[in-house]
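Each chain, letter by letter, is given below.
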Amino acid sequence: MTGLEELKTKILGALPELDVVIGWEQGYDALNATPLFIRKPEDVERLIIGPLCAHNLATYLPGLKDKKVGIVVKGCDSRAVIELLQEKLINKDNITIFGLKCDGVVNLNKIRKKIGDLGQIRKVVFDSGIITITAGETDHQLKFSEVRMDKCDTCKYPNALLFDHFIGTPDDRQNGIEPEHISDAEFEKMSLEDRFAFWKQEMSRCVRCYACRNACPMCVCRDHCVAVTRDPHWISQENDTADNWMFQMIHVMHLTGRCVECGECERACPMDIPLMLLRRQMNKGVRDVFEYEAGIDPQGKPPLLTFKVEEDNIPEREW
Amino acid sequence: MRIGVFVCHCGSNIAGTVDCEKVAAAAKDFPDVVYSDDTMYACSEPGQQGIIEAVKEHKLTGVVVASCSPRMHEPTFRRAVERAGLNKYMFEMANIREHVSWVGKDKELNTNKAIDLVMIAAEKLRRDKPLISKKFDINKRVLIIGGGVAGIQAALDCADGGLEVVLVEKTTSIGGKMAKLDKTFPTVDCSSCVLGPKMVDVAQNPNITLHTYSEIEEVGGYVGNFEIKVKKKATFVDWEKCTGCGLCMEKCPSKKSFDYFNEGIGTTTAINIPFPQAIPKKAKIDADFCRKFTKGKCGVCAKICPTKAIDFEMKDEIITENVGAIITATGYDLFDFKKYAEYGAGKYPDVITSMQYERLMSASGPTTGHIKRPSDGKEPKNIVFIQCVGSRDKSVNRPYCSGFCCMYTAKQAILTKDHIPDSQSYVFYMDIRSPGKSYDEFVRRGIEEYGTEYIRGRVAMVYPVGDKLIVRGADTLAGSQVEVEADLVVLAVGAESAVGAPQLAETLRISYDTYGFYMESHPKLKPVETNTAGVYLAGACQGPKDIPASVGQGSAAAAKVLALFSKDQLESDPQTALVNAARCIGCYKCVETCPFGAIKEIEDRFGNAKAEVIETICQGCGLCSVTCPQSAIQLQHFTDNQILSEVKALCPSMMEKS
Amino acid sequence: MLLSNKKEVVSGMNTYKIASVDAAFTAEVEERSGQIMSQCYQCGNCTAGCPYTFAYDIPVNQIMRLIQLGQRDTVLKCRSLWLCATCQSCTTRCPNNIDVAGVMDHLRHMAREQGYATEKNVKIFVDTFLESVEKYGRVFEMGLMTNYVKKTGRFWTDMDLAPKVLPKGKLPFKPHPIQGRGKIAEIFKRFREGQRK
Amino acid sequence: MTTQMTIPYYPGCSGKGTSKEYDLSTLGICEALGVDLVEIPDWNCCGSTPAHTVNHVLSCALSARNLALVSKMGFNEVTTPCPSCLTNLKVAEHKMHKESFRAETNALLDIPYEDDVEAKSVLQILYENVGTEAVAARVKKPLEGLRVACYYGCIMNRPPEVMDFDDPEHPMAMDHLMEALGAEVIPYPLKVECCGASYGITRRDIVSKLSGKLLEVAESLGVDAVVTACPLCQMNLDMRQSQINTDNGTNYNIPVFYFTQLMAKAFDLSYRIQGLNKLIVSPKTALARIGKVVEKPVEKVTEEAAEK
Amino acid sequence: MPVYDGKELRIIGFLCNWCSYAGADTAGVGRFQQPTDLRIIKVPCSGRIDPLFILKAFQGGADGVLVSGCHPRDCHYAEGNYYARRRLELLKRFLPVTGIDPDRFEYTWVSASEAPRWQHVVQTFTDRIHKLGPSPLLAAPLTDAEMAKLQSQVEAGSGCGCHK
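Protein chains in written order, with our numbering: chain A, 1 to 319; chain B, 320 to 977; chain C, 978 to 1174; chain D, 1175 to 1482; chain E, 1483 to 1646.
For the record, the hints were derived by calculation from the structure and aren't laboratory data.
Careful: at least some of the hints might be erroneous.
Stated by the list, open to error - Quick list of the computed label-pair ranges, beta carbon to beta carbon:
1) B:Pro350 <-> A:Ser145: 58 to 64 Å
2) B:Ala606 <-> D:Thr1306: 32 to 38 Å
3) B:Lys845 <-> A:Glu180: 42 to 48 Å
Claimed, not checked - Which chain C residues stay away from chain B? Per the calculated CB distances, all over 10 Å, these:
4) Ala1000
5) Gly1011
6) Thr1024
7) Pro1036
8) Leu1046
9) Tyr1093
10) Glu1111
11) Gly1130
12) His1153
13) Arg1167
A virtual CB, placed ideally from N, CA and C, is assigned to each residue, including glycine.
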């Protein structure tokens, strides 16, 4: 992500017409970024972009439906915007998109696993694929490719797909991308029994904090999420494995054909449950059956909201 | 809630393989069940009375009946519950006959299964809410599709009952198959003499609007308020001007057009009135044969037409008709006899279909009623009739009996003797099916008085030798092979569903069987209803039928429509979707998927986008409920919670398996 | 009516004891042939089309009926089985898609296994034919003819044709055995071993 | 003509004996049309009707050996002129789709057959792969004036589920080929009736009756010759014609050709290939009609009636 | 009410009212005998079936779930089964991700007149479920063996690579 100054200029130019522009700023230390809501020109100064800007800001858009909003998006974030537009959950007329090209964002959990919790981070420098993290007086050097988010390993869309302003030059990089995430390949080798036991174990750790849901740009039900209602009463509020499992199933099924794989659920999960594994696997089915990927084409139709009389990839029932 | 459970023995139908007392006893332990008993025949008057008394005595607020399929008696019990003073939707049924006692023999397992089914019915009932039907106005016009004898009868009966009728016929004249017949069985009276006056009545009845050479393009709306788009196909003749004088037919130079009315026996002119008694008696140009269309020049008819009715530029036209009910009387078509290559059908000119033979015998036919065989115009002396051509034949995918061929063949053999006294008719048959008033006597008369020779067996092949056709068949009664030297072979072709029947069914949203015949709502008790409210069936579109049966159904369907229209308003089924506005976020996914356009986009008083169901249009499929992620739209009586309660009852999460 | 094929006089009628139907026979025919006998509704189309009806003692539709009735002996003893040429007329035209010719074939197998050979010469011809195949790998037509005549004693068979046919040089007087004839003999040997089991 | 296709060839036993002329003319015309027929090395008898009347496993084993040999040659198609051989090959092919049956049959064989060969008649190859246009193009001496009835025999097309070629009741492939040669084809209604098959030896009365019927109808149509595609049919109609005449008190003198012989004739191939001297009933008179203008038969009435 | 131990397994059927429920009725009228395991929940249309109902059934310990609707083109509501087909096909492909054997779930189309077909479907599906045996339970705690296996897999770096 480059072109911070260019971005600032563009935002300043557009700000008079907008109620708010959402970007990122530094959080409580140099390693943590946090969303920034720009309302006044002076707020723009705090804006940052770069590999720390992991948050998918599109998550805020449905809540600001009636406001004039500007938003800074990476490639994956822009897919969420497109999907929301497709589903008429937001109105394009009210939105100004500042599109970026992205070289990947960091996964703080991975960093933490490598170097432990270092307390206050003073400085973070990215240079030629190496991150240098300074805590106290010590420098820690890590390969960026080892600590970036899983989704970046397989990212096909580094550039914002939909924008009003594009910052910098689009990246046409196509090499170095893994066709499939390494976790999927390994997961697929597991037997059904092992998978079942695996999820049972994972779900037993879920604390039902709903962070995954709250971080998800496509979870637009919010207060009306069926996971917490009595009518319909899908699951109890008891934190047991079976109900946790059911909750995650509800989340996945509600994302069928809609999930843009921004990874926010997994990033938000305090228990580090591999939620993206479920979503990637579901999306694989969607691709196989409907040759469809969510959040690519603003005019596209989510596959479960339409049908074909003769489906191309659904075999006739044999019996 | 206070639930009463009634477990029906259905004589021994259920009690034979289900321990009904045990089921009733088990139900006592279910939540909210305060009363449970078994009963001999729940649907009988005493059975219903028992339910009503129990409701009153035990202050029941909901009723479960475990008996037959709800598709059988749900309406019956709903009425009983209503008589008991409850809302009729506070009722659920457990199907322990069709789904239990009749399909399993192990009494212990059956009983256990029946208990489960009662349990889920009770669980669902606990979440039922009283529902009140909405009323809406009816448009008291009726659309009748098909102008054969069934459609004509239905049209006349409806019109006599004071209804406005729109009759749509796909050919240029009404009359259907019956108009082509020479005589009818078993009375041997002249078909067109019987039908003709009825056709004229249709033309003259001020209540009937007739659209011939027209087809149904689109059907929208619902019972009481259908909107129909009718395509009036271009005839290239302005019927407002055409007087049916027939001058154009005399002058038309294209005299070898296919004669559809005469089944291709003989030819007609490219501009033609199909037969002299046609209603309406108007000319149409067959563009496949008209020289103006095929060669670009001619136009003789336009020049000589006294009223200048010819219009070569005419285009198809779509008109809209609004009606409250629809009667489908689209009839049948005849089996394509060419599929019987072993009979030389379509290959040897003197092997013809029974309908072609009708035209050969008819005084209005191409031979003015003189039976002449197509090849050389000679009068045939030996005539062989082969039955079951395209009936009872799995190898051509027509395993069903067409029902009327035995009778018309008997008739044709008798008429043959009348036409040609020194002729001999042979009928190859498998079984003679003549169950009808005076039908079998008629067949016997053919055999005994007219000397028709019946030979019990199928025919394997027909081949020509000289100017004869050798028919080689079997006489299974004599146990031998037989050969007949015939001058003419008539194939008694069976009935199959009309061309385009499945497509029309889909337009009408009614179901049809494997063979394209329309499905009645109940094979015994609702023979002219369909499962789509406001759409009725008459005649052979439902299955092969002879004239009296078709006429009977025409009248029956008309009676159904008259009964429907006897009220000014209809009640809609209240088991419709309902939006919980508080939860609706206005994404309108439901609007997108609703097959009926029954959901509209509205704004609440704060200007928030919301969805709202039009109850009278909603058909209650529940597609919207699944589409809505926040479950803001719920199909009443099949809510998420109701289905969930059934699932949870059957699969209680914490249950440990041993 | 022209009943072209008047049947020759049939011997006296049997009373079939319907109560003692040999259901195992029906089942065996179904099992072997893969056809469902109850699908036959006796339309007679097989008999109508069968070119051999005139030579049969029981017409083919009645054979089908007798199978339904489980009349094992009557069926397996009948001459018709040996005269069916498997011309497929019945199978092709059966409205119920029953492979009638296939059923006849299987009946023949059963008759053979149980030692019936009502049309003896046909059986001799068949056996002689297969002997020739077993011996040489191919049919030696001249040898087949001589052997058949030897076995049946019908020395006059086709004598009239000899002066016409022999000069045409179409009938070699010596067999042309194939190299792999041992392999063919093996096939027969294994087959017989299998049958014994 | 250059080779268009190469296909393994199964002549059948009679091709090496009583139907030598069928074999020779088949090879000759195929060569002329660019179809390279490669005889299966060391093929064996298919067992014909006798084998399948005794046992299906045995019968299929005999045919499967030949199919396996084809497979070994590196082909998955084989052609034979003889319908009886074809039936056995196709039935074996058909039955051995089923795994259990295949295993049972392969148990009798040295080389197992792997369910990978399809058998077709020479007629089918000529009609479908070569085509009537190519045949017509190769004609040097058209058969104009020759009136023929095409007789296919009972098992060339039946049962349709197994044979899978042409119409089972009114096949037309041979008719079209004869038309391509310039012959006048008279519609023959008994195209698929049985001739009496191999009962000539055991029950001559049967053949006399059935083949007699075929000749009776052919004669009534006024044809000059009957054209066949089956050695057994040809033998019954030609070689046994004198017997038929004796038994039925008739006096037919109708030559019976293999369709390949007439093709060879029209292609003007050598006499050896035409093999007309092998026929029992002399074709001289019939062949003399070629090139002569023939009066139209009295069919006008029919046409007029049809127009009415 | 528990299913009969040893004799029955827990099989839930979701049937549309117009075709398959009616088809099951027709099978009953025709006395087409079937195994008793299946418990039918009637819904108006296969389009009413939320895939989550099926997952809910599995969560509750169902051993098999069968969905049956009108044949494509024959939906009483014109289009319901087309949507259902998409949802159910995806669910079928997703089930193995959760570790539930996809053979435990089947969807099919049976019309009101197809009694023999319904019998065949019930028989085949029930046989299949009996072959698979009882489904694993989410509610039951992991056994020690399962725990140890998982642990060793994670430590060995195989299995799911998410926690490497």
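- prompt: Looking at C:Gly1011 again, its CB stays over 10 Å from all of chain B?
  reply: Check passes; 16 Å lies beyond 10 Å.
message: If I take the minimum Cβ distance from C:Thr1024 to any residue of chain B, is it greater than 10 Å?
response: violated (4 Å)
query: Hey, does C:Pro1036 actually stay past 10 Å from chain B on C-beta?
result: Non-interface label on C:Pro1036 violated, nearest chain B Cβ at 6 Å vs cutoff 10 Å.
- prompt: Lying within 32 to 38 Å: is that true of the beta-carbon distance B:Ala606 to D:Thr1306?
  reply: Once the Cβ atoms are compared, 34 Å apart, the range 32 to 38 Å for D:Thr1306 and B:Ala606 holds.
- request: Run the C-beta distances from C:Tyr1093 to all of chain B and say if the shortest one exceeds 10 Å.
  value: It holds; C:Tyr1093 is separated from chain B by about 21 Å at its closest Cβ, greater than 10 Å.
message: Verify this label for me: C:Ala1000 is non-interface relative to chain B, using a Cβ-Cβ cutoff of 10 Å.
response: Nearest chain B Cβ is 23 Å from C:Ala1000, so the label holds.
message: According to the definition I'm using, a residue is off the interface if its beta carbon is farther than 10 Å from all beta carbons of the partner; does C:Leu1046 meet that for chain B?
response: Its Cβ never comes within 10 Å of chain B, the nearest being 14 Å, so this holds.
message: I want to verify a distance hint. Is the separation of the beta carbons of B:Pro350 and A:Ser145 within 58 to 64 Å?
response: holds (59 Å)
message: A cut-off of 10 Å on Cβ-Cβ distance, and C:Glu1111 was said to be off the interface with chain B. Does that hold?
response: holds (37 Å)
- prompt: C:His1153: least C-beta distance to chain B exceeds 10 Å?
  reply: At about 41 Å from chain B, C:His1153 clears the 10 Å cut-off, so the statement holds.
message: So C:Arg1167 supposedly isn't at the interface. Is its beta-carbon more than 10 Å from every beta-carbon in chain B?
response: holds (38 Å)
- prompt: Does C:Gly1130 really sit off the interface, with its C-beta more than 10 Å from all C-beta atoms of chain B?
  reply: holds (33 Å)
Of the numbered hints stated above, those contradicted by the structure are hints 3, 6, 7, listed in ascending order.
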